[in-house]
Amino acid sequence: MASRIWPLVKLVSKVTIAGGAVYVTYDSGLLGSSEQGSVVLEKAKVAVPPALEEWIKYFGLEAQLPTMPKIEFSPINSWNTGVRWTISSLSEAPTRASEYTSQGLQYVKDLIK
Amino acid sequence: MSEKELGKKLDRCLADGVVKLGTGLGLGIVFSVLFFKRRTWPITLFSGAGLGMAYANCQHDLRSHYLLHTKEQACEGRPQKT
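Going line by line, the protein sequences match chains C and D. Those letters in the first sequence? Residues 0 to 112, by numbering that gives the first Met the number 0. Those letters in the second sequence? Residues 0 to 81, by numbering that gives the first Met the number 0.
No wet-lab data here; the hints were simulated from the structure. Certain hints may be false.
Said to hold, decoys possible - A partial selection of chain C residues facing chain D, derived with a Cβ cut-off under 7 angstroms:
| id | residue |
| --- | --- |
| 1 | K13 |
| 2 | T15 |
| 3 | A20 |
| 4 | T24 |
| 5 | S27 |
| 6 | L29 |
| 7 | G36 |
| 8 | S37 |
| 9 | V39 |
Yeah, the Cβ is synthetic: ideal placement off N, Cα and C, and Gly gets one too.
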């Protein structure tokens with residue numbers, strides 16, 4: 000009797016867990032529109048680091064884990080700086096190319112003299 | 000569409016892509032562990048589905064500026080093209 004019920008119980012519990020996971024993701028707006036997705040991401044960015052610190056303190060792992068250095072790095076600013084540098088280099092490239100060419104030609108003329 | 004609006008929409012697309020990829024990955028891991036004996040393909044499938052949903056949302060978001068909206072949609076709060 001128990002051997003017959005046990006697979007059924009396992010299946011029901013698995014379906015419950017999977018269904019619960021899908022419901023939680025749907026209810027929290029993770030499967031919705033772009034606006035909902037970006038709102039959830041902002042909430043997660045705010046909530047995750049303090050929660051992580053609390054869990055580390057709770058489990059007493061502070062001494063074991065090395066302290067994370069606070070790096071003041073913004074990937075967005077780095078990307079934007081890179082884009083601006085690339086575009087300005089491309090726009091100045093023809094002028095610089097002609098300058099270097101004329102300098103090179105002048106150098107060769109001086110050598111020939 | 001102004002450049003500022005386009006920039007905001009692209010930022011939203013990127014954030015939504017990250018969220019949906021993570022959600023797909025999480026759900027894929029759950030389903031893979033529970034039903035599919037820890038195989039890799041459910042994880043890939045669900046991650047791909049998440050990315051696809053993000054792509055569809057982004058496409059709709061970028062196109063919505065150029066679509067004509069009816070009065071009913073305007074009453075719902077969507078921008079009406081004049």
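Going down the list of hints, with the structure as the test:
Interface restraint check: K13 of chain C against chain D, minimum CB-CB distance 5 angstroms, threshold 7 angstroms, status holds. Taken as an interface hint, T15 of chain C does not check out: its beta carbon lies about 10 angstroms from the nearest beta carbon of chain D, beyond 7 angstroms. Restraint check, A20 of chain C versus chain D: the minimum CB separation of about 5 angstroms is within 7 angstroms; hint holds. Taken as an interface hint, T24 of chain C checks out: its beta carbon lies about 5 angstroms from the nearest beta carbon of chain D, inside 7 angstroms.
This hint is violated: S27 of chain C has a C-beta 9 angstroms from the nearest C-beta of chain D, more than the 7 angstroms allowed. Given hint, L29 of chain C at the interface with chain D, holds; its Cβ is 5 angstroms from that chain's nearest Cβ, closer than 7 angstroms. Evaluation of the G36 of chain C hint against chain D yields a held restraint, the C-beta minimum of about 4 angstroms falling below 7 angstroms. Among the interface hints, the one on S37 of chain C holds; its C-beta lies about 4 angstroms from the nearest C-beta in chain D, closer than the 7 angstroms criterion.
Using the Cβ-Cβ criterion of 7 angstroms, the hint placing V39 of chain C at the interface with chain D is satisfied: the shortest such distance is roughly 6 angstroms.
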